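Asks: First to last, the sequence lines map onto chains A and B.
The first sequence begins at 10 in the working numbering and counts up one residue at a time.
The second sequence begins at 128 in the working numbering and counts up one residue at a time.
Quick caveat, the hints were computed from the structure, so don't treat them as lab data.
Owing to the predicted nature of the structure, the values given are computational and were not obtained by experimental measurement.
Check before you lean on any hint, since a few could be wrong.
[As the list claims (entries may be wrong)] To be clear about the criterion: a stretch of chain B counts as covered by chain A if any three or more of its residues have a C-beta under 8 Å from a C-beta of chain A, and this derived list gives those stretches:
id : stretch
1  : 155-164
2  : 178-184
3  : 233-246
[What the hints assert, rightly or not] A short list of chain A residues far from chain B (calculated; beta carbon distances all over 12 Å):
id : residue
4  : Q173
5  : E324
6  : D470
7  : Y617
[Said to hold, decoys possible] Calculated lysine to aspartate or glutamate pairs in the EDC-like style (CA-CA distance at most 20 Å, straight line):
id : chain 1 : residue 1 : chain 2 : residue 2
8  : B       : K274      : A       : D149
9  : B       : K274      : A       : D137
10 : A       : K520      : B       : E177
11 : A       : K568      : B       : E177
Positions of the beta carbon are idealized from the N, C-alpha and C atoms, including for glycine.
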Amino acid sequence: MTTTTLDSKVPSGPIEDRWDNHKFSINLVNPANKRKFTVIVVGTGLAGASAAASLAELGYRVRVFTFHDSARRAHSIAAQGGINASKNYPNDGDSAFRLFYDTVKGGDYRSRESNVYRLAQVSADIIDQCTAQGVPFARDYGGLLANRSFGGAQVSRTFYARGQTGQQLLLGAYQAMMRQVHLGNVELTTQTELVDVVVKDGVAVGIVTRNLLTGDTESHSAHAVVLATGGYGNAFYLSTNAMKSNVTAAWRAHKKGAFFANPCYTQIHPTCIPASDEFQSKLTLMSESLRNDGRIWVPDKVGDDRPAADIPETERDYYLERRYPAFGNLVPRDVASRAAKKEVDQMKGVGPLRNGVFLDFADPIDRLGEGEIRERYGNLFEMYERITGEDPYAQPMRIYPAVHYTMGGLWVDYNLMTNLPGLYCLGEANFSDHGANRLGASALMQGLADGYFVLPYTIGDYLSESLGNEPVPTDDQVFKDAETEASDHVNRLLSIGGTRSVDWFHRELGKIVWENCGMERNAEGLEKAISEIQALKTEFDTDLRVLGSADRLNQSLDKAGRVEDFFGLAELMCRDALHREESCGGHFRVEHQTEDGEALRDDENFSYVAAWDWNGGEKPTLHKEPLEFEYVKLAQRSYK
Amino acid sequence: MDLTLEVWRQAGESAEGRFETYDAPDVSEDMSFLEMLDLVNERLIAEEREPIAFDHDCREGICGSCGVMINGKAHGPQLGTATCQLHMRQFEDGDRIVVEPWRAKAFAIVRDLVVDRSPLDRIIEAGGYISAPTGAAPDANMIPVPKESADAAMDAAACIGCAACIAACPNSAGQLFTSAKLAHLDLLPQGQPERYKRVEAMVETMEEFFGSCTNHGECESACPKSISIDNIALMNRDYLIAKLKNRKLAGQH
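Start from the sequences and build out the full structure, keeping to the hints where you can.
Replies: Have a look at this one:
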């Protein structure tokens with residue numbers, strides 16, 4: 010391992026002035042020159058669509074790629090609960106500083122102060138922007154915006170649109186981008202997947218894509234490339250991510266030299282519907298907002314099979330309320346998740362497979378009436394009933410943690426540029442703002458902050474240096490080589506001719522990762538996982554069966570390429586988890602816990618961002634970016 | 128449960144399609160419809176037969192990717208439910224299930240059950256937005272919006288763009304999709320400045336691709352978000368106003 014100081018380009022000065030000073034000190038591109046620059050944006054989720062729209066509005070020529078059939082389908086659409094902003098509309102003492110502080114604390118002190126402060130600062134602008142676009146946020150009877158408190162926050166700063174906040178925010182960004190498509194400022198290409206990032210002389214100069222309908226491999230050059238391609242939760246196979254969510258763009262950028270930071274920071278969401286059988290293809294999240302009113306419990310007695318209604322109050326263990334009296338059911342996600350695992354591991358789980366805990370609405374229904382609960386959570390309750398066949402108004406929901414979000418991602422500096430000049434990374438795909446654990450309703454905030462309010466400023470600083478330079482032509486050897494490599498890769502996957510489907514491999518990989526690099530990790534398990542992943546990868550290379558051809562839609566082939574990248578990422582996740590000899594946020598090493606079983610950090614030795622270098626495929630090398638805390642006082646998190 | 132599937136297979140847009148019959152034994156009632164198709168596909172791959180192509184992604188009924196005709200019904204038998212959230216407990220042991228792609232002339236078949244729905248994006252592109260460039264927004268509480276309006280806008284905005292409404296319509300009309308977006312934006316004060324320009328642009332783009340609405344109402348019952356056909360009435364009214372009145376005056380309506 011080497012110790013290299015990565016240049017985070019964090020500005021100095023008082024934290025509240027840093028972003029303003031930075032915006033003033035970086036170079037601008039004058040309006041007439043903006044159209045001389047081409048920027049490629051990959052991905053059309055909140056971060057990608059908002060960036061594409063904003064860059065196009067500024068006058069840049071923007072080319073957008075999505076592998077979906079429509080830009081509106083990105084997985085941001087599935088976010089339910091809400092978006093945080095330090096508006097302080099409810100007059101409950103919120104401020105940018107408080108949102109900043111909560112986010113750094115919630116992330117277990119493993120994020121960059123300056124980035125997080127900026128996020129908190131621009132959060133209020135996001136709400137203004139989205140409202141102007143027509144996002145139908147929930148409102149009170151006076152017509153003003155409604156707020157609620159959300160997972161782990163002691164102020165009400167979450168804005169929401171029923172249980173479909175992500176959908177509405179994404180449609181807002183998508184529509185803003187489609188307006189630019191209409192105006193000719195954005196050229197949108199759908200059904201097209203990134204297969205490589207092209208780097209010349211250490212600078213990102215374009216991408217190679219594969220058309221999923223025709224198989225055509227094409228090169229696209231630009232002055233800058235922006236990856237907004239989401240997280241890698243599907244490395245676990247079962248997660249709340251959409252089926253097609255993948256790490257391919259980030260991983261292939263990593264293989265071209267971009268550092269991958271903190272891959273072991275993965276978030277397990279406490280409120281998902283437990284798996285029903287082995288054919289389960291994905292898990293469904295029930296918004297965390299349910300924890301505002303629902304009460305979580307298990308039967309006191311091991312193996313209690315009685316229906317919930319028959320278990321008297323005295324024989325129920327409301328374990329979150331018992332263990333964390335101050336926060337109760339609203340403890341942060343990592344704490345709530347591990348607590349549920351503990352109960353289920355003690356055989357107190359409920360449901361046919363004993364793989365869940367109860368989330369009970371009987372009390373709030375008594376207190377507020379069924380109508381009010383229906384108003385707040387109606388669509389979530391319906392969804393639950395559709396999936397399980399059980400009526401949550403009449404009996405408690407069953408929930409269990411599931412992989413939901415990944416805090417790790419490509420390393421980026423304060424400008425959101427990776428260590429490869431010209432390559433930017435936004436949203437969940439980067440590592441930046443959430444530390445070791447993301448707070449509820451902060452993903453939407455970060456995706457839109459990056460796309461609407463950060464990148465449009467910072468990218469100019471880089472582009473201004475290349476005024477007058479044309480992008481590297483796509484007939485340059487560096488593009489030709491990347492195209493050849495991409496086609497060879499596809500042909501290799503098709504020609505293995507083995508016996509196992511790509512889903513089989515994905516499922517097996519997921520089991521290894523979930524078992525050893527999930528809610529709890531230990532050195533022995535992680536070492537075992539690394540060797541098992543390598544063995545399974547060897548089997549993948551020799552026994553994969555992908556039928557059909559490359560020249561028309563072939564969903565197994567598309568998936569094979571993505572699963573292959575999950576192998577590499579999963580191994581790196583385990584290596585990162587193994588090297589981080591502490592527990593923090595979503596990374597819980599059983600060797601490092603307090604007497605109460607809480608995460609035990611080691612600030613002296615691990616207060617850094619772990620940025621991994623692919624190192625040409627040899628053993629990955631670690632670069633450390635030290636984290637300094639000037640404004641936040643490091644403390645053992647306590648939610649008691 | 129044991130099922131028999133008749134599935135439309137078609138190699139590409141210009142290839143000839145046909146129904147193929149597959150036995151689907153040992154299906155659990157807790158599976159979603161798409162998980163049942165996954166299982167069938169795993170078995171096909173084991174037999175070295177190419178799996179059935181179908182669109183899907185979030186499997187939570189929100190991304191709008193999935194959707195097939197199940198026994199002639201868009202998204203199948205359960206009201207207000209997308210194909211991914213339809214569970215096999217809605218079927219009986221021994222059922223024969225016919226699975227087809229969306230049926231609409233404007234949606235070319237890409238492969239098997241996958242169709243090209245890009246005309247929907249063309250309609251949004253024509254005007255399905257409020258022009259509010261980043262940075263120019265006033266404080267979000269500057270313009271109060273009556274809760275009823277915000278709620279009604281949200282009802283319409285819940286559209287997931289799956290195109291079941293068009294697939295279910297005997298005329299392959301795009302009115303429900305188009306009017307849902309119009310209602311979402313037009314019920315909010317922020318949407319007023321472009322209201323009449325928007326309705327003309329979107330309706331006229333819609334008509335380039337889709338048939339006419341003759342008030343069958345099939346769209347509403349196929350819609351996985353149960354979006355109301357009342358939105359169509361609002362759209363028709365606005366379109367008429369936009370067409371009949373001097374545009375400057377229409378803005379004051």
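Asks: Are the hints correct? Go through all of them and say.
Replies: Status of each hint after checking the structure:
Here's how the stretch 155-164 of chain B fares: 6 of its residues keep a CB closer than 8 Å to some CB of chain A, so the rule of at least three is met and the hint holds. For a cut-off of 8 Å, the count of residues in the stretch 178-184 of chain B with a CB near a CB of chain A stands at 5, and the three-residue condition holds. Remark: the stretch 233-246 of chain B is confirmed as covered by chain A, as 6 of its residues place a Cβ nearer than 8 Å to a Cβ of that chain, reaching the required three. Chain B draws Q173 of chain A into its interface by the beta-carbon criterion, the shortest separation being 6 Å against a cut-off of 12 Å.
Interface exclusion of E324 of chain A from chain B stands, the closest Cβ pair being 28 Å apart, more than 12 Å. Annotated as non-interface, D470 of chain A keeps its C-beta farther than 12 Å from every C-beta of chain B; the closest such distance is 18 Å. Listed as outside the interface, Y617 of chain A is consistent with that label: its C-beta sits roughly 34 Å from the nearest C-beta of chain B, beyond the 12 Å cut-off. Note on K274 of chain B and D149 of chain A: the hinted pairing holds, with a Cα-Cα distance of about 6 Å set against a maximum of 20 Å.
Restraint check: the Cα-Cα separation between K274 of chain B and D137 of chain A comes to about 18 Å, which is no more than 20 Å; the hinted pair holds. A threshold of 20 Å between alpha carbons decides the hint, and for K520 of chain A with E177 of chain B the separation of about 26 Å lies outside it, so the pair is violated. For the proposed pair K568 of chain A and E177 of chain B, the alpha carbon gap of about 14 Å is at most 20 Å, so the pair holds.
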